[in-house]
Amino acid sequence: MKPVLQTTPNMDVVVIGGGNAALCAAITSAEAGARVLILETAPKTYRGGNSRHTRNFRCMHEGPLSVLTDTYGEEEYFQDLVKVTGGKTSETLARLAIRSSQSCLPWMQQHGVHFQPSLSGTLSLARTNAFFLGGGKALVNAYYRTAIALGVAVIYEANVTHLELDGDVVTAIDYDHNGKSSRISAKSVIVASGGFQADTEWLARAWGPAAKNFLIRGTPYNRGVVLNDLLQQGVQSVGDPTQCHAVAIDGRAPKFDGGIVTRLDCVPFSIVVNRNGDRFYDEGEDVWPKRYAIWGRLVAAQPDQIAYAVIDQKSIDLFMPSVFPPVVADTLEDLAVKLGLEPAILRQIVDQFNTACGDTGAFHPTELDGVSTTGITPAKSNWARPISDPPYYGYSLKPGVTFTYLGLKVDETARCSTDQGPIKNLWAAGETMAGSILGQGYLAGFGMTIGTVFGRIAGSEAASHANS
Amino acid sequence: MQTANETITQTISEARRQIEVCNACRYCEGFCSVFPAINRQRSFLDGDITQLANLCHNCRGCYYACQYTEPHEFALNLPKALAEVRQDSWQEHAYPSSVARAFHKSGVAIGLATALAFGLLFWLIKFVATKGGGAGFYTVLSHNMMFAIFAPAFLLPIFSLAISLRNYWQHIGGGPIHFNDIKAAFGSAAKMKNLAGGHGEGCNFEDEDRFSNSRRWYHQLVMYGFLMCFAATCTATVLHYGFGMPAPYGLFSLPKLLGLAGGVILSFGTLGMLVLKLKADFKLSDERVRGGDTGFVLLLFFVSTSGLVLYGFGNSLYLSELLAIHLGAVLSFFLLTPYSKMAHGFYRLVALIRDAQIQRIKSRP
Ligand SMILES: Cc1cc2nc3c(=O)[nH]c(=O)nc-3n(C[C@H](O)[C@H](O)[C@H](O)COP(=O)(O)OP(=O)(O)OC[C@H]3O[C@@H](n4cnc5c(N)ncnc54)[C@H](O)[C@@H]3O)c2cc1C
Ligand code: SF4
Ligand code: SF4
Chain B
1 MKPVLQTTPN MDVVVIGGGN AALCAAITSA EAGARVLILE TAPKTYRGGN
51 SRHTRNFRCM HEGPLSVLTD TYGEEEYFQD LVKVTGGKTS ETLARLAIRS
101 SQSCLPWMQQ HGVHFQPSLS GTLSLARTNA FFLGGGKALV NAYYRTAIAL
151 GVAVIYEANV THLELDGDVV TAIDYDHNGK SSRISAKSVI VASGGFQADT
201 EWLARAWGPA AKNFLIRGTP YNRGVVLNDL LQQGVQSVGD PTQCHAVAID
251 GRAPKFDGGI VTRLDCVPFS IVVNRNGDRF YDEGEDVWPK RYAIWGRLVA
301 AQPDQIAYAV IDQKSIDLFM PSVFPPVVAD TLEDLAVKLG LEPAILRQIV
351 DQFNTACGDT GAFHPTELDG VSTTGITPAK SNWARPISDP PYYGYSLKPG
401 VTFTYLGLKV DETARCSTDQ GPIKNLWAAG ETMAGSILGQ GYLAGFGMTI
451 GTVFGRIAGS EAASHANS
Chain S
469 MQTANETITQ TISEARRQIE VCNACRYCEG FCSVFPAINR QRSFLDGDIT
519 QLANLCHNCR GCYYACQYTE PHEFALNLPK ALAEVRQDSW QEHAYPSSVA
569 RAFHKSGVAI GLATALAFGL LFWLIKFVAT KGGGAGFYTV LSHNMMFAIF
619 APAFLLPIFS LAISLRNYWQ HIGGGPIHFN DIKAAFGSAA KMKNLAGGHG
669 EGCNFEDEDR FSNSRRWYHQ LVMYGFLMCF AATCTATVLH YGFGMPAPYG
719 LFSLPKLLGL AGGVILSFGT LGMLVLKLKA DFKLSDERVR GGDTGFVLLL
769 FFVSTSGLVL YGFGNSLYLS ELLAIHLGAV LSFFLLTPYS KMAHGFYRLV
819 ALIRDAQIQR IKSRP
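Same order as they appear, the protein sequences are chains B and S. Sequential numbering of the first sequence, starting at 1, is according to my numbering. Sequential numbering of the second sequence, starting at 469, is according to my numbering.
Hints may be right or wrong, so weigh each one.
[Unchecked claim] Below 25 Å or equal to it, Euclidean Cα-Cα: the simulated DMTMM-like pairs (lysine to aspartate or glutamate) are:
1. Lys409/B to Glu164/B
2. Lys338/B to Glu488/S
3. Lys290/B to Glu31/B
4. Lys255/B to Glu488/S
5. Lys44/B to Asp514/S
6. Lys44/B to Glu674/S
7. Lys255/B to Glu482/S
8. Lys44/B to Glu669/S
9. Lys44/B to Asp516/S
10. Lys44/B to Asp677/S
11. Lys314/B to Glu488/S
12. Lys314/B to Asp286/B
13. Lys573/S to Asp749/S
14. Lys290/B to Asp265/B
15. Lys44/B to Glu676/S
16. Lys255/B to Glu541/S
17. Lys180/B to Glu157/B
18. Lys830/S to Asp286/B
19. Lys212/B to Glu541/S
20. Lys338/B to Asp317/B
21. Lys255/B to Glu538/S
22. Lys44/B to Glu560/S
23. Lys830/S to Glu367/B
24. Lys424/B to Glu31/B
25. Lys314/B to Asp304/B
26. Lys44/B to Asp749/S
[To be verified] Over 12 Å on every C-beta distance to chain B, these chain S residues come out as not near it, computed from the model:
27. Ala492
28. Arg678
29. Thr705
30. Leu766
Since the hints were made in silico from the structure, they are not lab data. Every residue gets a Cβ at the ideal spot worked out from N, C-alpha and C, and that includes glycine.
So here's chain B without its partners, still in its complex pose (with noise of 0.2 Å):
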């Protein structure tokens, strides 16, 4: 189908995205005067893409901050950023987004955003997150209520399909709406319209056919369509094609959108079989939220992509509930038919484990105590209790994909780049861009962080590049 040029006053502004990133993006422009148009695929009541789904953002603080306590400063969160990303980080982006943080706090909340105390069970993070009063879709929710106000034009269900890069402008936006291919232009473009994780596809020609079996936590937008096109073109790229970031969440969450009630927590506490009843990892190496990342990728190494978590009453209440009840049995064997796993296989792999468990009076749910088994491999190291008291419970186990790490590279005022040098009016932010900064591993909050620094970044930059 051939684009129509559309009538419509070309714009100043237009963001492709309906996410954080982008509504930061399109208000910074608002308020700097330009007129701006957001196309955003999803139909209104899915607008926000995985913002919607977020929960908090990480923010350095010099003092207490709203409802941040004590200190987190820019030295601290950065070393935080290395540990996990095992340096893969530019360190001039994630120190401009580290230090931009803190200014962002205030600016969020000028913007309608609301915060609350660290949730209950979620104490870890009460010093470093800043967490969003109602979750992410209450922020997107504000966002588009300052937009709107500010003049902010939005159309959804418009699904950008092409942008067309004329040597270093991009000189018209393609988009489809209402069964209708429609081109508009404008003086500045902003992509943020995230990874993409949704398209089951590509995730399985870049990772190999067992994504197709891998959930995703969060929206069903965020197909990579812009991202391709303009990889297509010669723009410049920076992460791993292949690889994308997974939890093991549970199996049997939605495809899409199953957001945070499908996480998991009860592993520390388990032991974790595949399918052939074998267990695989250590369950109890670290504390829970040092090690849930992880657990996407062995369970994605699995047969099937799947794998089990039992447990017994002992520990039925010392991890966060999850949105579907376990599995309930009074005999490991028939959990094991309810699980469709071989039952005495189940049994025999339980028994050797309590037979490796030593002295459990140690046993420490929140803490490493060391309470572990000898004699099996993989050794259980912490939390090691026998799996004895009915009833049973278990769980299955999934990948559930958050994000992926191929995006668009930018600089400092995040522009994009062809080999021929940086692209006069395109513009990048949130997670289609955030491999120039997350190389591997991810630190919880960061995204939304990301997403609010160079939102506000490119939102500026358009602007003034609409206004000049």
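Position chain S with the ligands against the provided structure of chain B, taking the given hints into account.
Just chain S with the ligands now, kept in the frame of chain B:
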């Protein structure tokens, strides 16, 4: 047709399903006291669900903030789910509950009851009233006659409510009450703390996710307006019996000042509430009682406004008609209190007491 009990089981299990999603999510923790109460527990008995429902003010913050509302398959609509449980609990615990079922659902029933009360008073005034027993209103309807009508109309509802609240307390598993529980509950109710939305900007009532304090303010007007009118009646009773000073009272007397100011405030508040109700999305409340709810607010509006009209035109030829209309509305209002939306205030207070009690017990070392 479904029996009332089947419906109650269904509404409770739907609310439980949603509450369990919230307990895994917790994003709304700061909006109101419902979420902290959810997050204290892991599993929920029927009584727990009823208690949570009575803590909810239907401010809707948690609906517009929720990433799982329809068309998402988790289909969250907590304000509606809790509204339905709450309604069922008021009807089920009312004494007698069949009366509550009729009036909660139907504005027409409320209207008919009120018309009947008008009729009764017209008849009394015209044919039975002993004239000449006093001044002012009492020239139309003697004080003794008023007492004969309104003493039971006041005491019967109190009696009925007491039974209901006792049932409710047993159902939610309440324990012995401590003075501090009551203090905490009244403190919260006096400020309508939970209607502030956790951040002071109020409810999401009139215009999707826009926060606004107007519902909180109108509700405050209704509550304080009502309490002032009630206080006016009480002071008048004290003056009459305690000091031998029967009505009519002068403009600067306590009953007049309280009654007039309270009446104006109450009229204004109920009118505001009606306007808000028209703007709000009914799909986020219990649609079964739309008529009854609106009928009740109208009745309250009518009570206060007819009182003011009576004051303004009390010296006219129409005194007896106006008096009959006003007193009829008041009578209907009193009698319907345990069986209409008016009951919610009592349940809410009890729910807040229970919430304070649970927190006190949990925080004990
Ligand atoms: C369950 C879950 C919980 C998370 N929790 C947190 C958290 O607590 N804190 C945190 O910092 N991070 C969290 N993250 C990560 C966080 O969601 C992202 O880092 C952040 O939302 C990225 O924002 P964004 O604006 O770049 O992308 P998104 O919010 O995903 O927005 C992308 C937008 O682009 C639109 N779009 C896509 N393609 C097109 C197209 N072709 N045309 C037009 N529009 C298009 C989408 O519809 C969407 O509106 C979480 C992620 C998930 C999945
Ligand atoms: S209403 Fe929705 S967002 Fe709020 S706590 Fe419940 S599930 Fe979470
Ligand atoms: S509607 Fe308001 S009061 Fe009721 S549970 Fe939701 S946030 Fe709380």
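Here's how the hints hold up against the structure:
no.: 1; hint: Lys409/B to Glu164/B; result: holds, 18 Å
no.: 2; hint: Lys338/B to Glu488/S; result: holds, 22 Å
no.: 3; hint: Lys290/B to Glu31/B; result: violated, 40 Å
no.: 4; hint: Lys255/B to Glu488/S; result: holds, 20 Å
no.: 5; hint: Lys44/B to Asp514/S; result: violated, 36 Å
no.: 6; hint: Lys44/B to Glu674/S; result: holds, 19 Å
no.: 7; hint: Lys255/B to Glu482/S; result: holds, 23 Å
no.: 8; hint: Lys44/B to Glu669/S; result: holds, 24 Å
no.: 9; hint: Lys44/B to Asp516/S; result: violated, 35 Å
no.: 10; hint: Lys44/B to Asp677/S; result: holds, 13 Å
no.: 11; hint: Lys314/B to Glu488/S; result: holds, 21 Å
no.: 12; hint: Lys314/B to Asp286/B; result: holds, 20 Å
no.: 13; hint: Lys573/S to Asp749/S; result: holds, 18 Å
no.: 14; hint: Lys290/B to Asp265/B; result: holds, 12 Å
no.: 15; hint: Lys44/B to Glu676/S; result: holds, 12 Å
no.: 16; hint: Lys255/B to Glu541/S; result: holds, 11 Å
no.: 17; hint: Lys180/B to Glu157/B; result: holds, 11 Å
no.: 18; hint: Lys830/S to Asp286/B; result: violated, 30 Å
no.: 19; hint: Lys212/B to Glu541/S; result: holds, 21 Å
no.: 20; hint: Lys338/B to Asp317/B; result: holds, 21 Å
no.: 21; hint: Lys255/B to Glu538/S; result: holds, 16 Å
no.: 22; hint: Lys44/B to Glu560/S; result: violated, 39 Å
no.: 23; hint: Lys830/S to Glu367/B; result: holds, 23 Å
no.: 24; hint: Lys424/B to Glu31/B; result: holds, 21 Å
no.: 25; hint: Lys314/B to Asp304/B; result: violated, 30 Å
no.: 26; hint: Lys44/B to Asp749/S; result: holds, 17 Å
no.: 27; hint: Ala492; result: violated, 4 Å
no.: 28; hint: Arg678; result: violated, 7 Å
no.: 29; hint: Thr705; result: holds, 46 Å
no.: 30; hint: Leu766; result: holds, 33 Å
In the structure shown, a violation is registered for the earlier hints numbered 3, 5, 9, 18, 22, 25, 27, 28, in ascending order.
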